[in-house]
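Student: Could you build all of it, start to finish, from the sequences and the hints given here?
In order, the protein sequences belong to chains A and B. Be aware that the first sequence starts at 534, since it is given in our numbering, and climbs by one per residue. Be aware that the second sequence starts at 6, since it is given in our numbering, and climbs by one per residue.
Everything labelled a hint here was simulated from the structure, so no lab data went into it. Every value quoted in this text rests on a predicted model; they were computed, and no experiment measured them. Warning: the hint list may mix true and false statements.
With the Cβ distance kept under 10 Å, some of the chain B side facing chain A (calculated, not the full set) [said to hold, decoys possible]:
id, residue
1, Q11
2, N29
3, Y30
4, N46
5, G48
6, Q50
7, L51
8, K54
9, T57
10, M88
11, S99
12, F108
We treat Cβ as the ideally placed atom computed from N, Cα and C, and that holds for glycine.
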Amino acid sequence: EAGVTQFPSHSVIEKGQTVTLRCDPISGHDNLYWYRRVMGKEIKFLLHFVKESKQDESGMPNNRFLAERTGGTYSTLKVQPAELEDSGVYFCASSQDSTGFRDYGYTFGSGTRLTVV
Amino acid sequence: AQSVTQLGSHVSVSEGALVLLRCNYSSSVPPYLFWYVQYPNQGLQLLLKYTTGATLVKGINGFEAEFKKSETSFHLTKPSAHMSDAAEYFCAVSDLNAGKSTFGDGTTLTVKP
Numbered sequence: 534e535a536g537v538t539q540f541p542s543h544s545v546i547e548k549g550q551t552v553t554l555r556c557d558p559i560s561g562h563d564n565l566y567w568y569r570r571v572m573g574k575e576i577k578f579l580l581h582f583v584k585e586s587k588q589d590e591s592g593m594p595n596n597r598f599l600a601e602r603t604g605g606t607y608s609t610l611k612v613q614p615a616e617l618e619d620s621g622v623y624f625c626a627s628s629q630d631s632t633g634f635r636d637y638g639y640t641f642g643s644g645t646r647l648t649v650v
Numbered sequence: 006a007q008s009v010t011q012l013g014s015h016v017s018v019s020e021g022a023l024v025l026l027r028c029n030y031s032s033s034v035p036p037y038l039f040w041y042v043q044y045p046n047q048g049l050q051l052l053l054k055y056t057t058g059a060t061l062v063k064g065i066n067g068f069e070a071e072f073k074k075s076e077t078s079f080h081l082t083k084p085s086a087h088m089s090d091a092a093e094y095f096c097a098v099s100d101l102n103a104g105k106s107t108f109g110d111g112t113t114l115t116v117k118p
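Tutor: Here is the structure:
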């Protein structure tokens with residue numbers, strides 16, 4: 534079974550530019566989550582998709598961040614325009630359903646390290 | 006609201022020594038508790054979890070953790086550290102609805118030969 538795939542693994546962009554991160558969850562996992570870790574601090578929740586619907590987007594920092602999940606499959610997270618404080622590691626995670634989450638927790642991708650200069 | 010506190014951002018032990026990584030949580034509802042491990046350039050991997058039932062839970066690689074409700078703690082232990090245990094460890098709490106999780110700041114474990 535393929536794991537959760539994220540790309541790019543690294544991205545360096547200038548302040549004001551746009552970046553799009555992509556996440557491919559495990560096939561059949563309805564739940565997809567985005568998290569972010571800034572400057573070695575805690576991993577913070579951004580949002581949660583159930584299939585193609587946003588279940589909870591309470592962690593999205595501001596309207597410069599836009600997340601989509603096409604057809605309930607892969608997801609993209611766009612930052613436009615990027616600011617210095619957006620630098621960090623963006624993790625994607627997926628779980629099959631509530632029972633799967635209870636039994637197996639999240640399956641995480643390796644993350645995208647975003648550096649805004 | 007939920008929160009997690011991991012005591013000690015860096016822990017160093019000698020190979021063969023006891024590993025103890027501390028985690029305290031707060032939750033207004035019965036929690037799901039998780040420990041994840043992250044090796045360099047990899048994603049987080051589930052070590053073990055507590056949802057219901059037995060409060061002493063065993064995970065992969067010889068790790069275990071005990072859920073103590075009265076102390077709101079879920080400390081991670083391993084009797085004998087191995088060099089391959091060097092990694093960053095995260096404690097997380099989630100509610101029963103399998104929504105978002107709240108993570109601690111992480112603890113980096115160093116194992117000295």
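Student: Look at each hint and say if it fits the structure.
Tutor: Outcome of the hint check:
1. Q11: Since chain A brings a Cβ to about 9 Å from B/Q11, closer than 10 Å, the hint holds.
2. N29: violated, 14 Å
3. Y30: At 13 Å from the nearest chain A Cβ, B/Y30 fails the 10 Å test, so the hint is violated.
4. N46: Hint holds; B/N46 Cβ to chain A Cβ min 7 Å, cut 10 Å.
5. G48: holds, 4 Å
6. Q50: holds, 7 Å
7. L51: It holds, given that the least Cβ distance between B/L51 and chain A is near 4 Å, below 10 Å.
8. K54: Cβ of B/K54 sits 6 Å from chain A, so the hint holds.
9. T57: holds, 9 Å
10. M88: Violated, because the Cβ-Cβ distance from B/M88 to chain A comes to roughly 22 Å (cut-off 10 Å).
11. S99: Holds, because the Cβ-Cβ distance from B/S99 to chain A comes to roughly 8 Å (cut-off 10 Å).
12. F108: holds, 4 Å
Checked against the numbered hints listed earlier, the structure breaks hints 2, 3 and 10; every other hint is satisfied.
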